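Chemist: Listed in order, the protein sequences are those of chains A and B. Mapping of the first sequence onto the numbering used here: position 34 corresponds to residue 34, and the numbering continues sequentially without gaps. Mapping of the second sequence onto the numbering used here: position 402 corresponds to residue 864, and the numbering continues sequentially without gaps.
Read the hints as simulated data drawn from the structure, not as lab findings. Warning: the hint list may mix true and false statements.
Stated by the list, open to error - The following residues of chain B were derived to be distant from chain A, with all beta-carbon distances above 10 Å:
| id | residue |
| --- | --- |
| 1 | 562 |
| 2 | 574 |
| 3 | 577 |
| 4 | 672 |
| 5 | 695 |
| 6 | 727 |
| 7 | 731 |
| 8 | 734 |
| 9 | 741 |
| 10 | 750 |
| 11 | 775 |
| 12 | 780 |
| 13 | 788 |
| 14 | 838 |
| 15 | 854 |
Stated by the list, open to error - If you want a taste of the chain A side facing chain B, the calculated C-beta under 7 Å gives, among others:
| id | residue |
| --- | --- |
| 16 | 22 |
| 17 | 30 |
| 18 | 61 |
Here the structure is a predicted model, which means the values were calculated and not measured. Note that beta-carbon positions come from the ideal geometry of N, C-alpha and C, so glycine has one too.
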Amino acid sequence: MKAVYIIMMLIILPLYLFKNSSMYKYLLMFLFAMSMLSCGTDTDAGEFVVGSDYLAVTNKVILIDTVTVEMSTINFDSLVTSGQSRILIGNYDDPVFGKVKSESYFQLAVDNYTLPSEGSDTNAPNYVFDSISMILKYDHYYYGDTTKVQTFNIHRITQKVKPNTDDNSFYNNSVLNYSSEVLGSVSYKPRPKEKDSINIKMNAAFGEALFLKFKSREISDFETFSEYLKGLVLVPSTSNSSSVIGFNLTSKVRLYYSKYLADTETSLIKDFTISEASKQFNSISLGKTGTLIQNLPLSNSNLSSSLTSRQGFIQSGTGVACRIDFPGIKQLKNISDKGAIVDAELILRPVNNSYSEMLPLADSLQIYVADKLNRISGTLLNSAGSSVYGVLNKKSDEFNENIGYSVSVGSFLQKEMLRKTDSQSALILTLPGISKSVDRIILGDQKHPNNKIQLKIYYISY
Amino acid sequence: MKNLFTFLSCMILMTINSFSQSISSSPYSLYGLGSVYDSDFGSIPSIGSSGIALPSGSYINNLNPASLGYIPQNHFMFDLGGKAILTTFQSNSKSEKRNNFQFSHIAFAFPVTKNSGFSISLHPYSSASFKISNLKLPVENSAENYTLDAIGTGGLNKFDFSYGYRINKKLSLGVSGSVLFGNTTDDRSYTVEKSVTAISKQTDYNGFRGTVGLQYKIDSTFTIASTFKLPALVNASKVQSVQTVADEVVTTIESDVASDTDDYYMPLEIGFGISKRFKNNINLTFDYEKSFWSNTNQSELYGEFVNQDRFALGFIFKSKNNNRSYWDRIQYGTGLNFDTGYLEVDGKRINNSAISLGVSLPLENTFSTLNVSYSYGQKGKIGGGLIKENYHKLSLNLSLDGIWFVKRKIE
Numbered sequence: 001m002k003a004v005y006i007i008m009m010l011i012i013l014p015l016y017l018f019k020n021s022s023m024y025k026y027l028l029m030f031l032f033a034m035s036m037l038s039c040g041t042d043t044d045a046g047e048f049v050v051g052s053d054y055l056a057v058t059n060k061v062i063l064i065d066t067v068t069v070e071m072s073t074i075n076f077d078s079l080v081t082s083g084q085s086r087i088l089i090g091n092y093d094d095p096v097f098g099k100v101k102s103e104s105y106f107q108l109a110v111d112n113y114t115l116p117s118e119g120s121d122t123n124a125p126n127y128v129f130d131s132i133s134m135i136l137k138y139d140h141y142y143y144g145d146t147t148k149v150q151t152f153n154i155h156r157i158t159q160k161v162k163p164n165t166d167d168n169s170f171y172n173n174s175v176l177n178y179s180s181e182v183l184g185s186v187s188y189k190p191r192p193k194e195k196d197s198i199n200i201k202m203n204a205a206f207g208e209a210l211f212l213k214f215k216s217r218e219i220s221d222f223e224t225f226s227e228y229l230k231g232l233v234l235v236p237s238t239s240n241s242s243s244v245i246g247f248n249l250t251s252k253v254r255l256y257y258s259k260y261l262a263d264t265e266t267s268l269i270k271d272f273t274i275s276e277a278s279k280q281f282n283s284i285s286l287g288k289t290g291t292l293i294q295n296l297p298l299s300n301s302n303l304s305s306s307l308t309s310r311q312g313f314i315q316s317g318t319g320v321a322c323r324i325d326f327p328g329i330k331q332l333k334n335i336s337d338k339g340a341i342v343d344a345e346l347i348l349r350p351v352n353n354s355y356s357e358m359l360p361l362a363d364s365l366q367i368y369v370a371d372k373l374n375r376i377s378g379t380l381l382n383s384a385g386s387s388v389y390g391v392l393n394k395k396s397d398e399f400n401e402n403i404g405y406s407v408s409v410g411s412f413l414q415k416e417m418l419r420k421t422d423s424q425s426a427l428i429l430t431l432p433g434i435s436k437s438v439d440r441i442i443l444g445d446q447k448h449p450n451n452k453i454q455l456k457i458y459y460i461s462y
Numbered sequence: 463m464k465n466l467f468t469f470l471s472c473m474i475l476m477t478i479n480s481f482s483q484s485i486s487s488s489p490y491s492l493y494g495l496g497s498v499y500d501s502d503f504g505s506i507p508s509i510g511s512s513g514i515a516l517p518s519g520s521y522i523n524n525l526n527p528a529s530l531g532y533i534p535q536n537h538f539m540f541d542l543g544g545k546a547i548l549t550t551f552q553s554n555s556k557s558e559k560r561n562n563f564q565f566s567h568i569a570f571a572f573p574v575t576k577n578s579g580f581s582i583s584l585h586p587y588s589s590a591s592f593k594i595s596n597l598k599l600p601v602e603n604s605a606e607n608y609t610l611d612a613i614g615t616g617g618l619n620k621f622d623f624s625y626g627y628r629i630n631k632k633l634s635l636g637v638s639g640s641v642l643f644g645n646t647t648d649d650r651s652y653t654v655e656k657s658v659t660a661i662s663k664q665t666d667y668n669g670f671r672g673t674v675g676l677q678y679k680i681d682s683t684f685t686i687a688s689t690f691k692l693p694a695l696v697n698a699s700k701v702q703s704v705q706t707v708a709d710e711v712v713t714t715i716e717s718d719v720a721s722d723t724d725d726y727y728m729p730l731e732i733g734f735g736i737s738k739r740f741k742n743n744i745n746l747t748f749d750y751e752k753s754f755w756s757n758t759n760q761s762e763l764y765g766e767f768v769n770q771d772r773f774a775l776g777f778i779f780k781s782k783n784n785n786r787s788y789w790d791r792i793q794y795g796t797g798l799n800f801d802t803g804y805l806e807v808d809g810k811r812i813n814n815s816a817i818s819l820g821v822s823l824p825l826e827n828t829f830s831t832l833n834v835s836y837s838y839g840q841k842g843k844i845g846g847g848l849i850k851e852n853y854h855k856l857s858l859n860l861s862l863d864g865i866w867f868v869k870r871k872i873e
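The shape of chain A in the complex, shown without the other chains (with noise of 0.2 Å):
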């Protein structure tokens, strides 16, 4: 502004100066011509650049590849699998992770507790059971080997289906009582991807009880519909199973029955549905025995991948998840006076042969933001305030050297760098699905000799 004042000061002086004089023409004359003239200045297309170093000097952009991040395993002692809408059945022997086994209870409702009654009292129809079976439909879910013959057997759960806990769910370590006899048992080759439903059939005595229950008109409700059929469960059985498949809440008990009526036979079926979500459940368990990770603590402590042969685990169904510290990254404020971390990229690469066509990698992993002990604050936010998410890349070479999940992690390690107090946030990585899912992956750590997490951050200084 300054400069301003003074050009027209500089500018009226003269005009008044020279006002009276042969010279005044000639100066607006002058002026005129230098006003029009400065219109047609070119512009800078900036395509001419000299020194690049200089460029360099005032603001440095700096790759940091050395900041130390710690792996290591967690265990979350429960996760709730009622109301997932999955019946999870079987179990296999996971080369690492040790033997993981679903077994899935549910509880049964029917729409009418009365067979139809048609007729007058002197010609009343007579009701004949035929048989019972179990139609469970494929949800498309699938674990493990599925070309091997799949065996589990149907129970009658014992005790009523109420969970111990307030908040009326059940979690992947719930167990009910069920009586030993088996109701049902069914050995086949899962084709979750072909097939819609397979078929079981049922002990006739159990059927024919049942039926006669309803007949006999014992049963009349809910009430005392699930007083005498408190829920089935359905166990894999141990010494013939490879796979964990996935059903969905439309499988139902059907009961087969007749009704005679003058000389007419009618085939009639009743369904027995899962009506209620939260009355069903999966409870998945991993016998670690004689594994790398058969120490896992407590939830609130963690087992480092040091102890692990340089690896970190993630499992679903079962709770067991990677957490990822950065002990280091306040030291990038030293760096320089004024820097800020404006892009970063975690790189997490699943061990070489952990995975394979019958134990894949997920597409993507979730990423939670957690505290010392392991609490979770909620999940890893971008800047807008949306998911961030460890997202697949699946080019592969002759080493799967480029397999790995990358998450952005700038504004959290910004955040993290900046931080004023003493405690630090750490991330925790799970799978898609961790409550209704059995898959799992296992990943490099830092000093892992082929599959190293990498940590890339951008840095600026200002």
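Once you've looked at the hints, dock chain B against the given chain A.
Modeler: Coordinates of chain B only, in the frame set by chain A:
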């Protein structure tokens, strides 16, 4: 009268606007306080910008304050200049032409006593206009690249107060004080991976610099002269904002944070000049100036500075037939200028050389002239990471000469 007033106001506004507009943009403007801008008065542009030993006789000599001792009594002088520059920028791979028009100076001078004079002037000192688009630069400590976009604007102005005193028939001394002021803005955007970081800073500068000059007449045709521009400090303070855009969300890292930044140092500059008249119609001028930039220990923020040598040679021709016809009254000038530059970019100096010629056209039957000068010059070179600038420069200086007290007598 009212219309004239409106017209004048508009024009003044337009003039101010074009004066304060960003001046020539050059890739070299990235360094220092920008590209230093030459704005010589009168017919000096036509004689290779030489003339430390010339008097302020028919126009104001901005090269030496001692010249103000020679302002004719009862005269006052006004100098207004503008330039049209056509520059071709050339690198190994491409070339581009750009036109540029701008005001170069406004100056006013008058005698104080019969052997002393005073002048004030305002001119742009430097232009920090540059633009960088889509430049790939290496991320330090990696094989990756980031993209830089940058726009620089602004520059410094110089406001001079000069006083010259003729001690006797041979020796004249002068002092001048220059106030340097202005600001530059530098907006850079760094595209690193998926983020874009914008760093905008405005740096304000102000400083004061003194110059002393002398002119000594050995005889009526031969003058020697010298100038000493003293080292000076230009204070710099900056206001900076930093923002990062990631996931389409803007995060402000700092906003308008004021801080001190490295000050700029002007060096000691010593100039020598001679002026010799031959055959009463040819005048030779030669100047040499050395600028001791190396001693300033300039912050690396401004670039790499080296000592600078400047040579200027000029000839002025005038008809021997004094004041007979208009054509005889036209004065011709030509000159050469060579300058080693004070910058070293990637270890290479940025030289500048120019050849010039021009005419001084008298306006009617007065001492006022319109000076038209053309010069062709080259700056920098192609290759080694440098850019060559070829420029055609047309300078128009209006040098008005008024008579102070005579008019009163006519009234």
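Chemist: Take the hints in turn and mark each one as holding or not.
Modeler: Quick rundown of the hints versus the structure:
Residue-level check failed: residue 562 of chain B sits 5 Å from the nearest beta carbon of chain A, not beyond 10 Å. The beta carbon of residue 574 of chain B sits about 16 Å from the closest Cβ of chain A, which is more than 10 Å, so the claim that it is off the interface holds. Listed as outside the interface, residue 577 of chain B is consistent with that label: its C-beta sits roughly 23 Å from the nearest C-beta of chain A, beyond the 10 Å cut-off. Remark: the non-interface label on residue 672 of chain B is consistent with the geometry, its nearest Cβ contact in chain A lying 19 Å away (cut-off 10 Å).
Interface exclusion of residue 695 of chain B from chain A stands, the closest Cβ pair being 19 Å apart, more than 10 Å. Residue placement check: residue 727 of chain B keeps its beta carbon more than 10 Å from all beta carbons of chain A (closest about 17 Å). Under the 10 Å C-beta cut-off, the non-interface status given to residue 731 of chain B relative to chain A holds; the minimum distance is some 24 Å. Under the 10 Å C-beta cut-off, the non-interface status given to residue 734 of chain B relative to chain A holds; the minimum distance is some 31 Å.
The non-interface label for residue 741 of chain B is consistent with chain A: the shortest C-beta to C-beta separation is roughly 32 Å, beyond 10 Å. For residue 750 of chain B, the condition that its CB be more than 10 Å from all CB atoms of chain A holds, with the nearest at approximately 28 Å. In this structure residue 775 of chain B is separated from chain A by more than 10 Å, as the shortest Cβ-Cβ distance comes to about 29 Å. Its beta-carbon lying about 22 Å from the closest one in chain A, residue 780 of chain B satisfies the requirement of being farther than 10 Å from that chain.
At roughly 15 Å, the least C-beta separation between residue 788 of chain B and chain A is larger than 10 Å, which holds for a residue marked as non-interface. Distance check on residue 838 of chain B: its Cβ is at least 19 Å (rounded) from any Cβ of chain A, clearing the 10 Å threshold; non-interface status holds. Every C-beta of chain A lies more than 10 Å from that of residue 854 of chain B, the closest at about 14 Å, which supports listing it as non-interface. Annotation: residue 22 of chain A was flagged as interfacial toward chain B, and the flag holds, the nearest CB pair being 6 Å apart, inside 7 Å.
Given hint, residue 30 of chain A at the interface with chain B, holds; its Cβ is 5 Å from that chain's nearest Cβ, closer than 7 Å. Contact between residue 61 of chain A and chain B, as hinted, is supported at the beta carbon level, the nearest pair being about 5 Å apart and thus within 7 Å.
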